[in-house]
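Add chain A with the ligands to chain H, keeping to what the hints say.
Going line by line, the protein sequences match chains H and A. Per the numbering used here: the first sequence ends with 140, consecutive numbering throughout. Per the numbering used here: the second sequence ends with 358, consecutive numbering throughout.
By construction, these hints were calculated from the structure, which means they are not laboratory data. We put the beta carbon where it would ideally sit given N, CA and C, even for glycine. Heads up, none of these hints are tricks.
Computed beta-carbon distance windows for the label pairs:
#1 H:Y60 / A:D327: 52 to 62 Å
#2 H:E66 / A:N60: 25 to 35 Å
#3 A:A102 / H:M110: 47 to 57 Å
#4 A:F159 / H:Y60: 48 to 58 Å
#5 H:F57 / A:Q278: 12 to 22 Å
#6 H:E48 / A:E46: 28 to 38 Å
Below, in silico cross-link-like pairs of lysine-lysine (DSS-like), each with a Cα-Cα straight-line distance of 30 Å or less:
#7 A:K164 / A:K235
#8 H:K72 / A:K234
#9 H:K72 / A:K176
#10 H:K75 / A:K235
#11 A:K176 / A:K152
#12 A:K78 / H:K41
#13 A:K48 / H:K59
#14 A:K275 / H:K56
#15 A:K275 / H:K59
#16 H:K41 / A:K275
#17 A:K337 / A:K48
#18 A:K235 / H:K72
#19 A:K48 / H:K41
#20 A:K190 / A:K13
#21 A:K40 / A:K275
#22 A:K16 / A:K40
#23 A:K275 / H:K75
#24 H:K42 / A:K48
#25 H:K72 / A:K275
#26 A:K48 / A:K275
#27 A:K110 / A:K98
#28 A:K275 / H:K42
#29 A:K40 / H:K32
#30 H:K42 / A:K40
#31 H:K56 / H:K72
#32 A:K110 / A:K330
#33 A:K234 / H:K75
#34 H:K32 / A:K275
#35 H:K41 / A:K40
#36 A:K176 / H:K75
#37 A:K44 / A:K314
#38 A:K337 / A:K275
#39 H:K42 / H:K72
#40 A:K44 / H:K41
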Amino acid sequence: MSKDYYNSDDLKKFPNVTEFQEELGEKFFKYYGAVFEEGALTKREKSLIALAVAHTVQCPYCIDAYSSESLETGASEEQMMEAVHVATAIRGGASLVHGVQMMNKVKDLSM
Amino acid sequence: MKSLKAEGHSLSDPRIQLDILNQHNERLKTTPKFEEKISEIGLYPLQPNEIEIFQINVGYMCNMTCKHCHVDAGPDRQEIMTKETLKQCLAALDDPRIKTVDLTGGAPEMNPHFRWFVEEVRRKGKKVIVRSNLTILTTNKFGDLPDFFAKHKVEVTCSLPFYSKRRTDQQRGEGTYDKSVSALKILNDLGYGTDPELQLNLVNNPVGAFLPGSQETLEEQFKKELHRSHGIHFNNLFTITNLPISRFLNFLLMSGNLEDYMDKLVQAFNPAAASGVMCRNTISVSWDGYLYDCDFNQMLEIKTHEKAGQHVSEFDLDKLNQRDIKTDQHCYGCTAGAGSSCGGATT
Ligand code: SF4
Ligand code: SF4
Numbered sequence: 030m031s032k033d034y035y036n037s038d039d040l041k042k043f044p045n046v047t048e049f050q051e052e053l054g055e056k057f058f059k060y061y062g063a064v065f066e067e068g069a070l071t072k073r074e075k076s077l078i079a080l081a082v083a084h085t086v087q088c089p090y091c092i093d094a095y096s097s098e099s100l101e102t103g104a105s106e107e108q109m110m111e112a113v114h115v116a117t118a119i120r121g122g123a124s125l126v127h128g129v130q131m132m133n134k135v136k137d138l139s140m
Numbered sequence: 012m013k014s015l016k017a018e019g020h021s022l023s024d025p026r027i028q029l030d031i032l033n034q035h036n037e038r039l040k041t042t043p044k045f046e047e048k049i050s051e052i053g054l055y056p057l058q059p060n061e062i063e064i065f066q067i068n069v070g071y072m073c074n075m076t077c078k079h080c081h082v083d084a085g086p087d088r089q090e091i092m093t094k095e096t097l098k099q100c101l102a103a104l105d106d107p108r109i110k111t112v113d114l115t116g117g118a119p120e121m122n123p124h125f126r127w128f129v130e131e132v133r134r135k136g137k138k139v140i141v142r143s144n145l146t147i148l149t150t151n152k153f154g155d156l157p158d159f160f161a162k163h164k165v166e167v168t169c170s171l172p173f174y175s176k177r178r179t180d181q182q183r184g185e186g187t188y189d190k191s192v193s194a195l196k197i198l199n200d201l202g203y204g205t206d207p208e209l210q211l212n213l214v215n216n217p218v219g220a221f222l223p224g225s226q227e228t229l230e231e232q233f234k235k236e237l238h239r240s241h242g243i244h245f246n247n248l249f250t251i252t253n254l255p256i257s258r259f260l261n262f263l264l265m266s267g268n269l270e271d272y273m274d275k276l277v278q279a280f281n282p283a284a285a286s287g288v289m290c291r292n293t294i295s296v297s298w299d300g301y302l303y304d305c306d307f308n309q310m311l312e313i314k315t316h317e318k319a320g321q322h323v324s325e326f327d328l329d330k331l332n333q334r335d336i337k338t339d340q341h342c343y344g345c346t347a348g349a350g351s352s353c354g355g356a357t358t
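Looking at chain H on its own, in the form it has when it is part of the complex (with noise of 0.2 Å):
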């Protein structure tokens, strides 16, 4: 078994997923290009907001592939910490937005 959970090799693995589940496997990474072709939004945009959901969701695979992908796109590097620090905002607010419903809470709770 390997000593270590994640192996920067591994992302390049990613497309044998396929192997234990063809179909949907398929599916998902016909989806994924998809999702990733320029559209509405630019290749840029959308690596920027790939990297800052990649933080959020902690993957060090997506991090590694997304800040690579930045670059190649010419995200400066102001641009990927302020999407990082999007994220983090988000994160935090979350919790702290959630403060408000401990309130009602204890509010209710209180004489």
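Below, chain A with the ligands alone, put in the same frame as chain H:
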């Protein structure tokens, strides 16, 4: 920073560079050979379509020492084309099939015969492109060159790795960005970038071990950002891929990126880009007058095919047009993705 050559670095030896690309370790040994790859698509041996661009490397001396430089240029390099060799180039240019003269270096402006040569070539009615690093145009000694360029309608193609200061300075040295911006403003004031006769192009290459993105979208971004921050105009942006040779190869080795970078180039192999590589319409002349298939082969000391003539003094365009082009693993850099040549993406 010193050049690899001045440091006595082993990578200043082209044979060592090619050896690394071919057999540094198992991964590189098992990388498919470029020749096989182009055989599969019926392009081996690679041959010219028709040469129309005459690229002259007038010397390896440069006022800068950028980290990725495939020429290993710098202030410590002494190789400079003599007036005699320049005259041999002029004689070769009598062939009407050659339409364009592309001057490169080092900093081509540092050749002492540069101005005389540009005037002579223009007199022959050929288009002249100068590959300028921009910073040299902000020095006292060369500050009057923009006027000279405008007077002779020289097309100026200059390097700017990125539209932001941080990444530009990272590759080309502290202060480069600000100087480049001043030089671009001077060129703009002369009409470069707006007057159709005064073409101003920028060259973008990735600041690191990744491929350039789409030329079209990057051009849009560069135009928007440079105009927004500095009011700068230019005509085209050319994206070029860093070839794994010389100082960029050194960076790839030192940073542990070489194998992944080669994989990336091979995976991105594009048959359409392969058929549009610049060695098919360009010939490259070195400072000492030898002929090469391109500026990269020049740096790797891979001369043109023996039967085609190997020195500008024996220039024969018919023979050159029929020669086989010499290729090796570095050529993957020209065929990855949208392709890469001196004029940017090829597909
Ligand atoms: S990349 Fe250009 S400007 Fe930089 S050192 Fe090389 S020749 Fe000079
Ligand atoms: S490196 Fe030179 S010889 Fe090789 S494909 Fe590119 S232009 Fe042609």
